[in-house]
Amino acid sequence: MAEVLVLVDHVDGEVKKVTFELLTAARRIGEPAAVVVGAPGTAAKVRESLAGYGATKVYVAESDDAVGYLVTPKVDALAAIVAQASPAAVLVSSTVDGKEVSGRLAARLGTGLLVDAVDIDAEGTVTQSIFGGGVIVKSKATKGIPVVSVRPGSVEPEQAEGAATEQAVELPATDPAKSAKITAREPLVGGDRPALTEASVVVSGGRGVGSAESFDVVEKLADSLGAAVGASRAAVDSGYYPHQFQVGQTGVTVSPQLYIALGISGAIQHRAGMQTSKTIVAVNKDAEAPIFEIADFGVVGDLFQVAPQLTEEVAKRKG
Amino acid sequence: MPNIVVLVKQVPDTYSERKLAESDHTLDRDSADAVLDEINERAVEEALLLKEAQGGEVTVVSVGPDRATDAIRKALSMGADKAVHVSDEALRGSDVLQTAKVLAAAVGKVEGYDLVIAGNEASDGQAGAVPAILAELLGVPQLTHARKVELDGTTLKVERESEEGITRLEASLPAVVSVGEKINEPRYPSFKGIMAAKKKPVETLTVADLGIDAGEVGLGNAWTSVLEAAPKPPRTAGQRVTDEGDGGSKVAEYLVAQKLI
Ligand SMILES: Cc1cc2nc3c(=O)[nH]c(=O)nc-3n(C[C@H](O)[C@H](O)[C@H](O)COP(=O)(O)OP(=O)(O)OC[C@H]3O[C@@H](n4cnc5c(N)ncnc54)[C@H](O)[C@@H]3O)c2cc1C
Ligand SMILES: Nc1ncnc2c1ncn2[C@@H]1O[C@H](COP(=O)(O)O)[C@@H](O)[C@H]1O
Numbered sequence: 001m002a003e004v005l006v007l008v009d010h011v012d013g014e015v016k017k018v019t020f021e022l023l024t025a026a027r028r029i030g031e032p033a034a035v036v037v038g039a040p041g042t043a044a045k046v047r048e049s050l051a052g053y054g055a056t057k058v059y060v061a062e063s064d065d066a067v068g069y070l071v072t073p074k075v076d077a078l079a080a081i082v083a084q085a086s087p088a089a090v091l092v093s094s095t096v097d098g099k100e101v102s103g104r105l106a107a108r109l110g111t112g113l114l115v116d117a118v119d120i121d122a123e124g125t126v127t128q129s130i131f132g133g134g135v136i137v138k139s140k141a142t143k144g145i146p147v148v149s150v151r152p153g154s155v156e157p158e159q160a161e162g163a164a165t166e167q168a169v170e171l172p173a174t175d176p177a178k179s180a181k182i183t184a185r186e187p188l189v190g191g192d193r194p195a196l197t198e199a200s201v202v203v204s205g206g207r208g209v210g211s212a213e214s215f216d217v218v219e220k221l222a223d224s225l226g227a228a229v230g231a232s233r234a235a236v237d238s239g240y241y242p243h244q245f246q247v248g249q250t251g252v253t254v255s256p257q258l259y260i261a262l263g264i265s266g267a268i269q270h271r272a273g274m275q276t277s278k279t280i281v282a283v284n285k286d287a288e289a290p291i292f293e294i295a296d297f298g299v300v301g302d303l304f305q306v307a308p309q310l311t312e313e314v315a316k317r318k319g
Numbered sequence: 001m002p003n004i005v006v007l008v009k010q011v012p013d014t015y016s017e018r019k020l021a022e023s024d025h026t027l028d029r030d031s032a033d034a035v036l037d038e039i040n041e042r043a044v045e046e047a048l049l050l051k052e053a054q055g056g057e058v059t060v061v062s063v064g065p066d067r068a069t070d071a072i073r074k075a076l077s078m079g080a081d082k083a084v085h086v087s088d089e090a091l092r093g094s095d096v097l098q099t100a101k102v103l104a105a106a107v108g109k110v111e112g113y114d115l116v117i118a119g120n121e122a123s124d125g126q127a128g129a130v131p132a133i134l135a136e137l138l139g140v141p142q143l144t145h146a147r148k149v150e151l152d153g154t155t156l157k158v159e160r161e162s163e164e165g166i167t168r169l170e171a172s173l174p175a176v177v178s179v180g181e182k183i184n185e186p187r188y189p190s191f192k193g194i195m196a197a198k199k200k201p202v203e204t205l206t207v208a209d210l211g212i213d214a215g216e217v218g219l220g221n222a223w224t225s226v227l228e229a230a231p232k233p234p235r236t237a238g239q240r241v242t243d244e245g246d247g248g249s250k251v252a253e254y255l256v257a258q259k260l261i
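Sequence order for the protein chains is A and B. Counting along the first sequence from 1, when you hit position 305 you're at 305 in the numbering used here, and nothing is skipped either side. Counting along the second sequence from 1, when you hit position 250 you're at 250 in the numbering used here, and nothing is skipped either side.
Chain B extracted, bound-state conformation (with noise of 0.2 Å):
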């Protein structure tokens, strides 16, 4: 009976305007609305079939503000049993590497996990690298980018998908997986899923409950630093033609005289 950890991230909605605070490019997080990033539904789902056809338990962990509570909430109205949230000041802007760190020892609080399943990527940050950064740090096997997982036993198959084709992996629990985005299709929560989520513990932790300095996380620390950021001004609209039967020949011409062809 596997017990598994899921990784679920609130990210702005992409479907908003993002920004980045003028002060100090930190995520602007008041200027977009807030949704449990959709890959992490589709972890959490993993998690979820897994359990129902092997038994075990499904814990939540994430990262981030006060706020994040609401992704979490999704998360236990889908079906997962608890979570640990990790919510902290100090946190504010921390770069990846500081986030994967921190991930590491909240997954570490979970007594005997067998599995964890996060998103191949998150679509604020797009570092895809979080996943393997932790199986890293944690010192076990990646099965990353997956487009199956068959788990027998303590043995995991996966399936990863990535530009190059399609890659079969093998390796022993535990082991860090992460999902790509054709894996299954999210459930959606149940009225009794979202009232029974009410209920489910949410253990609170700050960075210090984790045995991590301060000093070691947040904007200050990163080993990364942002020298400027600027809205890109946006590309302008070009020609456009409407099509009169010769749509084709025109963007030849226009190919042309751009010497692309």
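Just chain A, with the same shape it has in the complex (with noise of 0.2 Å):
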């Protein structure tokens, strides 16, 4: 069976959700092979848990410049191992990162690039769900190995034993007339919160919230639930919350089990981050709220009333 390379995307020695269900995805095609790109020492790090979700390979890219530079170095890693693999298909979270390396690798092999699948079968046919969320797409690439960038969330992850073998790669050196240097990274400040896109729940506030004090109702529920923090545009550009925990069409794009809106009207902009998560309650205190059209379950009423109510029942249950 063909091999099927899987770009892992870890911070701090620790994997990230997405590659999880990349894994899982890339077992339906051929043998998942993860690729670890990062400073000397991350492999060993992350071996284990890559193991652990049916990894038969790790391949192993370390140096000092791959992390010193942006995304080129994993496009790198990735065009070499593909020259000595030949692989079914590349997959790559549909991330900020994810979607430009999956660009650059697609352009520097000549090979067919399918970008934000929700979706993927075992021919490598994907599902796309475009225009926000409003029509969906079936597509497949037509020339040369596959390269997909896969949205977080959109896979269900299942456990399952892998080799996982090391096997090095050599990273050739950057070209600084060719890449961007790193030369600070600030890692966003979001606490014990998992992030948005990996977090199984999502607790957005919008502009009913009403100012960035109360954001704590926000974030008290999201506390209780184990989620993510989101806001709408209109809650972001009045300086409620900051920018990164956006969703939305210019925001970040979220596919969660359970999707909580507070105060927020649903404009199809919003729509478009948020349409794709399983399961989506609204709190509004407008009955006629666009929320209220993709809601599994709306409460019309004061969130401010609402949500501490419900912080204190999901406390209860906890025990």
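Calculated from the structure, these hints are not laboratory results. One or more of the hints may lead you astray.
To be verified - Some residues of chain B that are not near chain A, with every Cβ distance over 12 Å (derived): (1) A34; (2) R92; (3) V110; (4) K192.
To be verified - Restricting the straight-line Cα-Cα distance to at most 27 Å, the calculated cross-link-like pairs of lysine-lysine (BS3-like) are: (5) K200(B) / K51(B); (6) K178(A) / K148(B); (7) K232(B) / K278(A); (8) K17(A) / K220(A).
Note that beta-carbon positions come from the ideal geometry of N, C-alpha and C, so glycine has one too.
Hints given; two lone chains; assemble the complex.
Right under this line is the structure:
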């Protein structure tokens, strides 16, 4: 069976959930082989968890340049491995970095690029949800090894045994005339909360939350559920919450098990970023708010009454 | 004095209904109003701010059908100096890689460019990849998803914003930059700007003018193909209750019933 390469997303020696989702999807097509691009010593930290999701092989591309330059080291690593392994497909997460890595890789290899898939089958045919979730498309690469970016949260991760045999990959030195140097990183401060695209529950607040201070109503509910916090663009523009947490067309696209919208009207551009959530709950004091058209459970009411009560109920049930 | 290229794209307005054509699954351009993608106004604004501070010239480049001239005129009326418009029937249905290839050739027509500024993600395709692919094809650094851009001589510094947080980047010109929606507030074209735009030069090119074979672009030659497309059955509204002091408890009961808590 041909290998299917999966680019590993990791931070501080920890593998992100989306990688387990990709390894699970890769098993449908062939033998999942994980590709770790990082600082020296990274693979040793992540190997075991990759084995737990069925990685038969772990390609290790480690160097200081690998973390010193933006995007290109990952493209270099994948291109080098593709040349020697002729995989059936390459899967990358559909994140800001992942979309750029997959685009450049496909351009370099001269193969078909499939962007932001929400599902993929054994033949490599992908499902995409476009125009903010309004249209469902099935497409396929017609030339070369398909390079696919897969939306986080769209595949249910399943554990499996994998040998995770390590294989070193030689990374070419990075040419600074062709790559941007990373001079500093300031990771997102979200406390202990899960990242937006990783979370199985997301609680978002909109303009209805009214101020930055009152966003703690949203945060408290999120914390009781172990959820990530999101915000509408109106809430971000009003300075209630930082832009990195914006959900929607020009923000992050999320696909959690549960999405709770508090004081959000449900404009089409907001829905574009959360429409594929499995279950949607909305609280809005306006019974006409469009968010109710897509909510599985809606409460017409004041979020400052409903959310704290829900927080309490959740806490009670957790004991 | 930087010689700046701004990439602008005309897209269907997200407020109108967006569809794919039934015959070949390409964008149904007649079904929706067409506008200059909002993020591209910010790209133009950033180019103009750089020009105002450091001099230089701003050239708009767009690949799209004839009516994309409206989007180009808008960028010119904001203050850009001239434009290159690649319009060719052969381009219909081109995918992201083909579009990037054409853009790379068009940027190559702008002599001695220092900096390409694009939006970070288009609102129609949402590939979020064209600027990166362009950097790959041009062989220059990508400083993408910028919320801040600083140009000092030939050194470019950018604050990149992504789901991971902020990454500070540095590279030398020439380079490709893409901007995020928090970078600036685009100006409105003034009456004077609108009048002046009518006289600004717009060079219209075909793919042949760019030295690209028509057999490399367009729907039939894309490296991916759409097998089927269907409007998603709209999500149906589920239960709805009015809060009578027990709204939170009702939600909790629902979540328990759904095994979500
Ligand atoms: C090109 C473009 C891109 C965009 N991208 C995005 C994007 O990525 N993400 C995004 O979110 N938006 C985006 N927008 C903006 C979008 O059109 C809406 O303006 C925005 O989503 C509205 O946010 P909101 O629902 O919080 O605010 P509003 O529309 O003002 O809604 C606030 C809601 O809160 C309710 N409310 C008020 N007080 C209470 C209370 N005490 N209890 C309960 N309910 C209350 C009100 O009834 C109202 O329905 C974009 C727009 C454009 C043009
Ligand atoms: N056809 C095009 N013409 C000009 N610029 C484009 C075109 N397609 C994409 N771009 C640029 O690339 C950015 C990102 O687009 P995308 O990668 O498609 O999400 C856009 O905001 C534009 O600046």
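So, going through the hints one by one against the coordinates:
Interface exclusion of A34(B) from chain A stands, the closest Cβ pair being 15 Å apart, more than 12 Å. The Cβ of R92(B) lies farther than 12 Å from every Cβ of chain A, with a closest approach of about 17 Å, so its non-interface assignment holds. With a least CB separation of 19 Å from chain A, V110(B) remains clear of the 12 Å interface cut-off, as annotated. In this structure K192(B) is separated from chain A by more than 12 Å, as the shortest Cβ-Cβ distance comes to about 29 Å.
About 17 Å separates the Cα atoms of K200(B) and K51(B), which keeps this hinted pair within 27 Å; it holds. Between K178(A) and K148(B), the direct Cα distance comes to roughly 21 Å. Compliance with the 27 Å bound is thereby established for this hinted pair. Of the supplied pair hints, the one linking K232(B) and K278(A) holds, its CA atoms being roughly 15 Å apart against a limit of 27 Å. The suggested pairing of K17(A) with K220(A) holds, with an alpha-carbon distance near 24 Å, which does not exceed 27 Å.
When the structure is compared with the earlier hints, no violation turns up for any of them.
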